[in-house]
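Peer 1: Chains Y and A supply the protein sequences, listed in that same order. Just so we're aligned, residue 1 is where the first sequence starts under the numbering used here, counting upward by one. Just so we're aligned, residue 1001 is where the second sequence starts under the numbering used here, counting upward by one.
Derived from the structure by calculation, the hints contain no laboratory data. Quick caveat, the model's predicted, so the values are computed rather than measured. Treat the hints with care, since some could be wrong.
[Said to hold, decoys possible] Computed cross-link-like contacts, SDA-like style, restricted to lysine to any residue with a CA-CA straight-line distance of at most 20 Å: (1) 398/Y - 1151/A; (2) 348/Y - 202/Y; (3) 398/Y - 1142/A; (4) 117/Y - 1336/A.
[What the hints assert, rightly or not] A short, non-exhaustive set of chain A residues, derived as facing chain Y with CB atoms under 7 Å: (5) 1060; (6) 1062; (7) 1070; (8) 1084; (9) 1239; (10) 1324.
[Said to hold, decoys possible] Just a few of them, taken from the derived set where beta-carbon distance is under 8 Å, the chain Y residues facing chain A: (11) 98; (12) 268; (13) 397.
No residue lacks a Cβ here, since even glycine has one placed at the ideal position from N, Cα and C.
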Amino acid sequence: MDPSVIHRIHFAFTVTYHYLFPQLTMGLALLIVVLKSLGIRGSEIYNDAARFWARIFGINFVMGVVTGIPMEFQFGTNWSEFSRLTGGIIGQPLAMEGVFSFFLESAFLGLFLFGEKRLSKWGHWWAAFLVFLGSWISGFFIIVTDAWMQHPVAYRLLPDGRFQLTSFSGLLLNPWALLQYAHNMSGAVITAAFVMAATGAFYVLENKFPEYGRAFLRVGVNVGLIFSILQIFPTGDLQGRYMAHVQPVTVAGMEALFKTEKGAPIVLLGQPNPQTRQIDNPIIFNGVLSYLIYGTTAAEVKGLNEFPQDLWPDNIPLLFYAYHIMAGLGTWFVLVMAVAAILLWRKKLFQSRWALWPLLLSFPLPYIANTAGWMTAEVGRQPWLVYGLLRTSAGYSKYVTVANGLFTLLGFMGLYTVLSVLFIVLVYREIERGPQIASGKPVQSGTALTVAQE
Amino acid sequence: MGTIWFWIVAAMLAAYVVLDGFDIGAGVIHLFLAKTNEERQLIIRAIGPVWDGNEVWLLAGGGTLYFAFPLLYASAFSGFYLPLMIVLWLLIWRALGIELRMHVGTRVWRDFFDGCFALASVLLAVFYGAALGNVLRGVPLGPDGFFFLPLWTNWRVAPNPGILDWYTVIGGVVALVALAVHGALYIAVKTEGPLHDRAVRTARWLWPVLILVTAVSLLATIAIRPSTLRNYTNYPVAFLIPVIVVVSLLGIFVFSRSGRERLAFLSSCSYLTFMLVGAAVALYPVLLPSATDPARDITIERALSGSYALSVGLIWWGCGIAIAIGYFVFIYRMFAGKVNRTSGVYEH
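Just chain Y, same shape as in the assembly (with noise of 0.2 Å):
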């Protein structure tokens, strides 16, 4: 096996696991804030739904925290040459979010969590922004780490290979960073709010605290309707003609558009085919890429014709479902919380059984749809690890072997198999106790991060 790979399949797997709580709780940690601050104009439904979704957001926050150290340490581990040559630039962001970012939110959580008894009304407000607050800012310094590999810019070039950084506020405002970092919260913020509203449809439909699942929804369905509209646009147009433009073939392998052509058109389903470089079973719109990309029907888009084949994404199947995944989900989450939002507003959703279902079933694609954009980001950027000037075969480590790699690698599978269990275990116990253990009766109690309040 070429070790390549396997160090791009640990890195890809471990990350891809992980992002799936900091998803949730960069989106709930904002969501949260909404609730106190409903909460705080005297609604005690809001502050017992706060006191909830802290819950949940710990027990997140903690998955996210042991599955996050292993990212920081895998730069080193897996991708050493890749480190010791950039290193003087994305180890900026990367040493910013430990001291900016991982101080602020983990002190302001063990407030949030414990202090509300020891802290005022609007103190307790302030601990839940800046928990928000610090989960942002982390945020933002890895997608500024991803965007200078995606877009790498502020740098000079050393004879021995080495990078270098020129620009300390170019790096920062990375104008992929910009782009990228509007899009990506966006999709966080869907997220927390599609599992807000699913648990808010199941207290309905389950007819179980059903005036804290009318909480949730009117909530949940408020923001995700906001923040699925802001993610197509103008987030995402806004990425996709920035990509268009710097990284053109990664765009035609999104399209898998094998040949440049006037009035390029859009593909809704079909299955690419690298060998006949044409597109199987194609069910397609002419002239909607071109649209979409140059505001015109008519306009040339570059095909993989244009680019020689080792510089084509190396795998162009991936690329264009995890691209048409998200694009597809996208769509679809305007879609339904365009419906129960009109709904809400009419004051019919909590009676529409038949909405409620599309939104409880809904909770897992924003976590589908989070994943197939990252993917559709990390493979469209192959074959490079930093953008035309690094190749993802130069920047691992080579003295860990194969085999060293896939034993650890299988460690990790084991352990986050573990993990998710118990997960699965903890947020379904907390869901299926609601949100009325706050007020009433103190039920075991218990001072770590995932059981405070209670």
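Since the structure of chain Y is already known, use the hints to place chain A on it.
Peer 2: Relative to chain Y, chain A alone:
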């Protein structure tokens, strides 16, 4: 500039050892210390609000190391591949042990996660000590500055050592005992009643062991790597460091006898800090010594990032850490005082 960043990284890692050290230490001894479920719960409560923040020092320190010394980060992390991965797994199990024990009210569930917490804490302490031992002993660096070490070979320090050999195992034992004392003193500060008394007794009982292993480790270090004394003989003022270590050890003894746990705990903080400072002085200006050829040492100069990035870094690091220390002072004040059966329980 390189020297500044050397001490910045050293200070962050020392902060990690001192802070996360007490909750790892609490894990090391809690099965012996706490006899009942309530007492174990108290120990978790004593570290519950802070363990995660303490662990951030590892991440922030690691990130800063990556940023300031990319070659060191790349070489050490890939060369210590297996032990680092094991450390990651242990960190995961430990966090689960702390966080999950209270979630299900059955004894089997609790005991399982108590066991995870204890075992992972013990192994982490040993691995951290052994890691420091590896750095002091040196590793077989190639001409390109990279290496790969197996977990163990023949348990000798030369010519082809593993992660674990007799010397690094001594380092592991020192870390285990030192963190056990550290954790016991923290528990003593945070609790009252029989649990508190047992914590103080444990610290006192471990104290002579700590003296012994500390002395053995210092002698062993000088024996396998005489050049660690170079900075000390060139700048005799550095001998103040071992003096402070000895004073700190005495402080642990005196203060824990006279019931001033807080001072005893601070003495233990000082002991850990100055052991690490002593090791850093012994290494400087080398970051990772070669076991075979000093010309292959990874030095500050060789591993240092570009000067522009480091100058900018100095500014944000200064601001960021000042703010972070502010958080820590604030949070530790919020949760100051002894934990008892009702602390932290939500009251509506």
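Peer 1: For every hint, state whether the structure bears it out.
Peer 2: Hints, verified against the model:
no.	hint	result
1	398/Y - 1151/A	holds (18 Å)
2	348/Y - 202/Y	holds (16 Å)
3	398/Y - 1142/A	holds (12 Å)
4	117/Y - 1336/A	holds (15 Å)
5	1060	holds (3 Å)
6	1062	holds (6 Å)
7	1070	holds (2 Å)
8	1084	holds (6 Å)
9	1239	violated (33 Å)
10	1324	holds (4 Å)
11	98	holds (3 Å)
12	268	violated (41 Å)
13	397	holds (4 Å)
Hints 9, 12 from the list above are not met by this structure, while the remaining hints are.
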